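*Asks:* Sequence:
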Amino acid sequence: MTAMQKSNTPLFLGIDLGTSQTAIMSSEGGKALIRSVVGYPKDVIGVRLLKKTLVVGDEALEKRSYLNLHFPLEDGVLKETGDREIKAAKELIEYAIAQVNPDDRGRLCGIIGVPARASVTNKAQLLKIADEMLDLSMVVSEPFMVAYGLNCLTNTIIIDIGAGTIDLCAMKGTVPSQEDQITLLKAGNHVDEVLAAEIAESYPEVQMTTLLAKKIKEQHGYVGESRESVMVNLRAGGRPVTCDLSREVRVACESILPDILENVEQLITSFDPEYQEDALKNIILAGGGGQIMGLRQALLSHLQGHGEVNVIRVEDPDFAGAAGALKLATELPPEYWTQVGDVIGS
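Take 21 as the starting number for the sequence shown in this note's numbering and just add one per residue.
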């Protein structure tokens with residue numbers, strides 16, 4: 021299709037670029053959720069089995085025995101370790117965009133979410149990559165995207181728990197400043213590492229990886245008291261074994277709890293005193309980690325001395341960030357994008 025044949029109507033994209041998974045939504049109704057991993061064949065056998073030179077997402081994990089896996093995002097931002105990581109990041113973003121069928125559109129305008137306190141250098145690198153695929157692109161903080169999508173723009177605290185970072189944001193009726201946002205680097209991946217180590221210590225004969233620990237966390241993760249034991253089928257010496265991982269799962273999940281509680285309290289005090297009561301009633305848990313059982317109750321218990329507290333979870337943690345980015349992209353005229361975030365393109 022030639023440029024003259026393409027539609028003159030822009031296609032707007034909302035992209036939540038995450039360490040573990042990337043979500044994308046388009047103004048035409050397209051949406052996709054992709055594991056943030058790119059795989060390349062280790063040798064010629066891998067090329068023959070794969071019948072291509074790279075694969076993205078779940079397929080890369082499924083075929084990892086004959087692939088070199090690259091996770092281009094670390095702590096929620098682009099790795100800066102070499103050309104291969106930058107190439108993998110580009111291919112991940114390109115693959116994500118392709119999932120929403122933009123071929124018949126003329127102008128592509130996308131808003132991309134990044135951790136609240138991402139560096140200037142990292143934002144610039146991401147925009148440079150995006151500029152090769154999008155006509156206009158902007159990066160904004162992920163918790164701000166969630167807040168915008170929910171229309172929670174004032175007297176609200178967002179807690180966005182991802183794999184690479186936990187991002188907290190105080191919404192005060194304006195675009196949040198650096199002082200209104202906090203990024204914690206002990207997040208979902210940290211929980212996976214702690215869980216894998218705890219299991220290895222308790223059951224040294226069991227074969228354990230961080231990928232397997234991640235699956236266990238996603239299925240059984242909890243903090244506080246659990247109503248039932250966490251019984252998991254694993255492998256030891258090539259044979260199946262059933263292990264009680266109740267203590268290990270709780271220890272791992274609670275490893276991120278103190279930092280969350282401390283920083284929520286810090287953000288509460290950042291509101292003017294007359295607004296703190298309202299902010300306590302509008303605490304929102306987002307991201308995959310926000311679904312951990314018992315987390316909501318832990319926040320309620322910890323903050324009960326501050327007054328009436330209300331904590332809710334977003335209905336769709338996988339797409340809440342991308343939906344907010346898309347809403348912002350479609351509602352804000354592109355000429356005003358520079359007032360909200362870093363922009364490249366025209």
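Worth flagging that the hints you see were computed from the coordinates, not collected in a lab.
Note that this is a predicted model, so its numbers are computed, not measured.
Each hint should be verified, as a subset may be incorrect.
To be verified - Each computed BS3-like pair below joins lysine-lysine, with the alpha-carbon atoms no more than 30 Å apart:
(1) Lys301 to Lys110
(2) Lys99 to Lys83
(3) Lys235 to Lys51
(4) Lys51 to Lys99
(5) Lys192 to Lys235
(6) Lys51 to Lys72
(7) Lys234 to Lys110
(8) Lys83 to Lys110
(9) Lys83 to Lys62
*Asks:* State for each hint whether it applies.
*Replies:* Evaluated hints:
1. With a CA separation close to 40 Å, the supplied pair Lys301 and Lys110 exceeds the 30 Å bound.
2. Of the pairs offered as hints, the one joining Lys99 and Lys83 holds, with about 23 Å between alpha carbons and a cut-off of 30 Å not exceeded.
3. At most 30 Å may separate the alpha-carbon atoms for a hinted pair to count; Lys235 and Lys51 meet this at roughly 24 Å.
4. Distance restraint check for Lys51 and Lys99: the Cα-Cα separation of roughly 25 Å lies within the 30 Å cut-off, and the hinted pair is therefore satisfied.
5. Between Lys192 and Lys235, the direct Cα distance comes to roughly 37 Å. Violation of the 30 Å bound is thereby established for this hinted pair.
6. Only pairs whose Cα atoms come within 30 Å are accepted, and Lys51 paired with Lys72 is accepted, the gap being roughly 25 Å.
7. With a C-alpha separation of about 25 Å, the suggested pair Lys234 and Lys110 falls inside the 30 Å cut-off, and the hint holds.
8. A hinted pair counts as satisfied when its Cα atoms are at most 30 Å apart, and Lys83 with Lys110 qualifies at roughly 21 Å.
9. Straight-line distance between C-alpha atoms of Lys83 and Lys62 comes to about 11 Å, which keeps the hinted pair within the 30 Å bound.
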